Amino acid sequence: MRRAAHILFSRPLSIAGVVLIGTVILSALFADFIAPFPDHRGTVVDFTNFNQPPGWTNIMGTDLVGRDLFSRILYAFRLSLILGVVVLSIATPVGVAVGLAAGYLGGWVRFVLMRTTDVFLSIPPLVLAMSIMGVLEPTLFNGMIAVTAMWWPWYARLVFNITLVEREEGYVRAAEVIGASRVHILFVEILPNCVPAIITKMTLDLGFVILIASSLSFLGLGVQPPTPDLGSMVAEGARYLPDSWWLTVFPGLAILVAVFGFNLLGDALREILGADL
Amino acid sequence: MKQLARSILGAAALAAISTAVLAERVLRLDEVAVGELDPGKASDYADSILMFNVYDTLVLPRQGGPGHVPHLAETWEGSGSEYVFKLRSDVKFQSGHPMTADDVVFSLDRMQGLGQGLSFLFANVKSAQALDAHTVKFTLAEPYAPFISSLVRLPIVDKQLVMQNLGEGEGEMGDWGQSYLSDNSAGSGAYKVTAHNPQEETVMAKNSAYFLGVGEKAPDTVRLRYGLEAATVRTLIAQGEHDISSQWLPPEVKKALADDGNQLLTEGGTGSFYFKMNTQKAPLDDINCRLALANAFDYASVLKLIAVTDEISEGSATTGAITVGMFGSRPVGNELMRDVEAAKKHLEMCTYDPAEFAIEISWIAEVPLEERLALLLQANLSEVGINSTIKKIPWAAFAGMVGNPENTPNISQIFVTAVTGDPDTLLYGMYHSTKAGTWQSPEHLNDLEVDALLDEGRIGASDAAREAAYLALNDRLMTIAPSIYGFDSQAVFVARPGISVPALSDPAKAFGLDTMGFLFRLMEIE
Amino acid sequence: MTSVGRLLTARLGISILVLLGVSMLIFAIARVIPGDPARIALGPNATHEQVDKLRADLHLNEPIWKQYGYFLHDLSQGELGQSLYTNRPVTTDIAQFLPATLELIIVAGVLMIGLGLPLGILAAKHQGGTIDNLVRIIALLGVSAPSFVWAVILMLLFAFYLPLFPIAGRIAVEFDVPTITGFLLVDTLLDGQIAAFVDALRHIALPAFALALSGIGQAARLTRANMAETYHSPYIEMARSYGFPEWRIARRYAFKPSLTPSLTIIGLDFAAMLGNAFLVEAIFAWPGLSRYGVAVILRKDLNAIVGTVLIISAAFLIANLVVDLLIALINPRIRYSRGRV
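These protein sequences, in sequence, are chains R, G and F. Sequential numbering of the first sequence, starting at 17, is according to my numbering. Sequential numbering of the second sequence, starting at 16, is according to my numbering. Sequential numbering of the third sequence, starting at 23, is according to my numbering.
Derived from the structure by calculation, the hints contain no laboratory data. Just so we're clear, the structure is a prediction, and the values are computed from it rather than from any experiment. Positions of the beta carbon are idealized from the N, C-alpha and C atoms, including for glycine. Don't take each hint at face value.
Said to hold, decoys possible - The list that follows gives simulated cross-link-like pairs (lysine-lysine, DSSO-like), each with its CA atoms no further than 27 Å apart:
#: 1; chain 1: G; residue 1: Lys319; chain 2: G; residue 2: Lys359
#: 2; chain 1: G; residue 1: Lys141; chain 2: F; residue 2: Lys147
#: 3; chain 1: G; residue 1: Lys296; chain 2: G; residue 2: Lys232
#: 4; chain 1: G; residue 1: Lys141; chain 2: G; residue 2: Lys450
#: 5; chain 1: F; residue 1: Lys88; chain 2: G; residue 2: Lys450
#: 6; chain 1: G; residue 1: Lys296; chain 2: G; residue 2: Lys524
As the list claims (entries may be wrong) - Pairwise CB distance ranges, derived in the manner of DEER restraints:
#: 7; chain 1: R; residue 1: Asp62; chain 2: G; residue 2: Ile327; range: 51 to 57 Å
#: 8; chain 1: F; residue 1: Ala50; chain 2: G; residue 2: Asn422; range: 20 to 26 Å
#: 9; chain 1: F; residue 1: Arg110; chain 2: G; residue 2: Ala370; range: 17 to 23 Å
#: 10; chain 1: F; residue 1: Asp213; chain 2: G; residue 2: Leu227; range: 54 to 60 Å
#: 11; chain 1: F; residue 1: Pro185; chain 2: G; residue 2: Asn212; range: 24 to 30 Å
#: 12; chain 1: G; residue 1: Val84; chain 2: R; residue 2: Asp55; range: 53 to 59 Å
#: 13; chain 1: G; residue 1: Glu326; chain 2: F; residue 2: Pro185; range: 58 to 64 Å
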């Protein structure tokens with residue numbers, strides 16, 4: 017543990033990661049207190065002050081209906097994080113269960129499970145999510161479903177590969193000889209060995225889920241206004257380039273900051289936990 | 016390597032010289048939607064640009080005033096339910112076939128046979144009959160006052176060419192040449208299609224054999240591009256690589272371009288912007304609820320939103336249910352105003368509890384301005400205590416959803432223009448109960464009095480009688496408020512300096528008909 | 023070579039099976055889309071009779087497994103049905119739009135390898151140093167923003183503020199290039215139009231770079247990680263003690279073994295690019311298959327959705343097949359161990 021803390025805080029890049037993520041999480045949590053115009057996340061329009069460049073009152077400018085961009089970005093962080101956490105807390109258990117079962121049980125179970133996984137992995141992730149969003153109404157909940165549907169196979173594949181190796185190990189064989197139940201072997205013997213890899217991947221993925229979700233809303237398949245959402249902000253602002261650059265550049269940088277933070281952190285975790293992805 | 020670089024430079028220089036020498040007049044413009052080339056299916060702006068340039072019609076709207084002038088027809092007479100047209104004998108299609116009365120009959124049959132696009136305009140035309148090679152008689156099932164004006168929407172198709180290219184289908188007419196006409200032109204127009212890629216552009220070339228002749232300064236080649244992003248158009252125009260923008264650019268972008276020294280072209284007076292309320296679904300099936308919404312809307316703020324410059328705006332204040340300047344419109348000075356007190360009073364009389372409302376405001380994905388209009392309405396409503404949600408819907412999906420009242424959103428935002436310039440084509444399609452459930456009529460209005468007045472307006476024997484009917488209609492529509500009458504719309508286009516489009520810049524040359532200003536043959540490129 | 027042959031047959035069989043699965047999945051998804059595709063296609067003024075007729079023509083009233091049967095039958099004839107969006111056969115649309123997308127992805131792939139591998143090698147040679155950290159930051163930044171953000175930033179910098187590159191499309195309108203392969207970079211050369219070629223190259227530069235950015239980072243990191251590992255292996259130490267020049271060690275002994283994982287990641291990145299092309303094409307008005315894909319999804323054009331996804335998945339599977347084969351050829355030991363389940 018101390019070694020972990022040492023690695024984490026001895027390198028400038030990991031510190032930067034912790035700081036970035038901390039900032040993002042804190043601003044999402046305390047958006048109500050930090051945001052200069054908390055009501056601008058909702059049904060507010062102000063046509064006396066719209067499309068204004070960054071200035072003293074609106075440090076990132078105002079959008080096309082006069083809302084403070086900075087306030088909206090803070091609330092958009094909140095939405096992105098909720099989405100990321102929910103997606104991963106559904107996709108991870110599903111993927112892990114599939115991977116464990118396929119890796120340990122073998123036979124037709126493995127064939128069916130891993131072929132299904134392959135089918136999902138053979139459609140480029142964004143295309144799959146788009147097709148699903150095309151079917152469903154564009155809401156936050158459905159967005160989560162679409163992203164979850166494309167995410168679990170990666171965990172299935174990861175855990176499957178580890179399980180394949182682990183099931184041949186002595187301790188598993190020993191447990192089998194004693195007559196331990198399959199459930200016991202899977203969840204008590206094998207699963208703990210997958211945890212470092214899973215945790216590292218989850219950290220990295222939190223960033224990537226945010227990224228994919230923003231891509232979906234960029235294509236118009238995300239949450240609907242007036243809810244602040246980084247991807248939709250970039251998409252809408254892109255129409256007004258280059259004159260109203262702040263409409264695109266700030267939300268774009270916001271995505272970059274959040275995802276970059278998780279990547280730096282995940283990178284450090286990879287080393288600490290020795291996970292090979 | 017050095018040699019390659021030199022040859023590249025040389026080629027580039029050569030290209031620069033050759034464009035200077037050729038000095039071909041190219042016009043590049045864009046539209047958001049994919050243009051439908053088949054004239055029988057033309058309905059939206061892009062389709063109409065193609066139709067008016069590739070095909071001709073019997074009459075044209077008079078420039079700078081009301082009424083119509085001869086075009087393919089030399090003269091006509093008749094009224095009520097019978098009209099006889101004498102055709103010009105010197106018109107040839109682009110294929111070289113001469114234009115005859117047979118082609119006119121065929122064009123009407125095809126329009127009615129396909130039943131798409133704006134074919135509803137001809138639903139009560141019983142038949143067209145060729146009396147001789149250059150005389151054609153139309154018989155209507157019942158009198159229809161705006162019949163002549165509807166003819167600007169009957170493009171004349173080259174019958175022989177289409178018959179040579181019939182595709183498979185039921186009946187002797189096969190597919191009515193649909194597959195051929197979706198890629199090729201069969202008109203007599205001043206421009207012919209040379210390439211058509213539905214995702215990229217349609218390329219047209221000047222038809223030098225056009226029966227009216229085409230001016231020397233008119234474009235030789237026209238490229239109508241589809242689906243360009245606003246930012247792309249903005250830059251292309253700034254860099255001199257694009258000539259006329261679509262009207263769908265956001266006002267801010269138009270302003271930026273105008274500030275750079277480009278001209279703003281306008282076309283207006285033929286339609287309005289509406290928030291259409293679904294009158295068949297709770298809570299907006301209650302008149303008081305609808306009136307509450309109509310009074311809550313901020314008619315003044317919306318004008319700030321659509322202003323392009325201090326002088327030019329994408330619309331002007333409206334005075335009632337009918338576009339200012341048309342038959343039956345209320346005079347200027349009666350502009351609609353927001354009235355929060357009235358809104359609250361109506362809300363109290365509404366049978367539904369406002370606390371339980373969740374009104375769905377939709378906006379068309381292709382028209383970004385509508386998102387802001389939705390946000391404005393949402394904010395206005397929340398100030399009087401009405402909750403609402405906003406939903407983005409692509410145009411095609413919207414057109415499919417409005418078929419039945421259940422799937423139709425509570426509020427839809429639509430720009431409607433009179434497709435023939437006559438108020439009948441603005442109002443009948445929106446409010447007559449037999450026309451409910453199209454993109455123009457997501458109100459699903461079913462009101463006997465409105466129906467009666469609409470019928471009166473279209474049969475009316477004299478202009479005065481028609482005017483009276485439309486005035487009464489205006490009052491009725493204000494009383495039952497099927498729509499929030501947002502503003503009278505004006506299409507604003509950005510054009511590079513050096514392009515002259517009199518029909519869109521000089522009121523004395525304006526056609527008073529949507530899209531007609533885009534007749535390429537009347538444009539001039541310096 | 024027989025083992026490579028066996029590997030090829032096995033992987034090909036599995037790929038076809040997977041593709042069939044993809045078609046089933048996407049077919050099921052496409053059919054539950056709400057909204058009546060016939061009504062959408064015919065437009066608001068069509069009569070009920072017309073809509074019913076089209077529904078019957080499209081077999082929309084029959085059970086879904088039967089519809090899938092018709093679909094498979096058509097597919098075996100090389101037919102994907104009619105697009106309701108363009109009113110043309112889906113195969114015609116795909117044939118027209120696919121080359122533009124492939125061209126974009128291939129150029130992006132070349133950029134990815136051409137910049138990613140050297141960066142990785144550079145970082146591995148200077149492990150722990152400033153260059154290493156710099157490459158690391160660049161790599162992480164590359165993957166940390168969606169390609170549409172990069173596209174917007176690149177466009178803003180190099181097309182708006184510094185107008186070095188054109189901002190939209192594949193080629194300037196004044197060039198008339200005959201369609202031979204559909205790849206403009208190839209067709210212009212075949213037709214001998216150097217100026218057109220240069221113009222096409224300038225058009226593709228920004229979108230391809232925006233698309234490649236995340237891949238460049240990944241390739242660099244992976245190459246660095248693998249080379250770092252091999253750099254410390256005993257046989258490299260030995261080579262060093264023999265006094266071989268550093269560049270030769272890098273190229274011959276450290277680089278080649280690190281190629282395998284890099285190739286694997288390139289296969290995976292190809293999938294990411296096929297997806298991200300949707301975003302980049304939207305910004306640069308690139309008339310490719312992805313733009314078409316977005317349009318047909320939004321318009322619920324069933325045949326076109328199924329066709330597009332199927333083609334994209336097939337492209338992905340083929341790319342991975344090629345990568346697997348290359349790996350098997352480079353590194354014979356892997357042939358059996360990589361025989362994935």
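Comparing the hints with the structure gives:
1. G:Lys319 <-> G:Lys359: Within the cut-off at roughly 25 Å; holds.
2. G:Lys141 <-> F:Lys147: Cα-Cα ~86 Å, so violated.
3. G:Lys296 <-> G:Lys232: Answer violated: Lys296 (chain G) to Lys232 (chain G) is near 55 Å, above 27 Å.
4. G:Lys141 <-> G:Lys450: 19 Å, holds
5. F:Lys88 <-> G:Lys450: 36 Å, violated
6. G:Lys296 <-> G:Lys524: 45 Å, violated
7. R:Asp62 <-> G:Ile327: 51 to 57 Å: 23 Å, violated
8. F:Ala50 <-> G:Asn422: 20 to 26 Å: Cβ of Ala50 (chain F) to Cβ of Asn422 (chain G): about 23 Å, so the range 20 to 26 Å holds.
9. F:Arg110 <-> G:Ala370: 17 to 23 Å: The hint (17 to 23 Å, Cβ to Cβ) is violated, given that Arg110 (chain F) and Ala370 (chain G) are roughly 51 Å apart.
10. F:Asp213 <-> G:Leu227: 54 to 60 Å: 38 Å, violated
11. F:Pro185 <-> G:Asn212: 24 to 30 Å: Distance hint for Pro185 (chain F), Asn212 (chain G) holds at roughly 27 Å.
12. G:Val84 <-> R:Asp55: 53 to 59 Å: About 57 Å separates the Cβ atoms of Val84 (chain G) and Asp55 (chain R), which means 53 to 59 Å holds.
13. G:Glu326 <-> F:Pro185: 58 to 64 Å: 30 Å Cβ-Cβ, so the 58 to 64 Å window is violated.
Consistency note: the structure conflicts with the earlier hints numbered 2, 3, 5, 6, 7, 9, 10 and 13.
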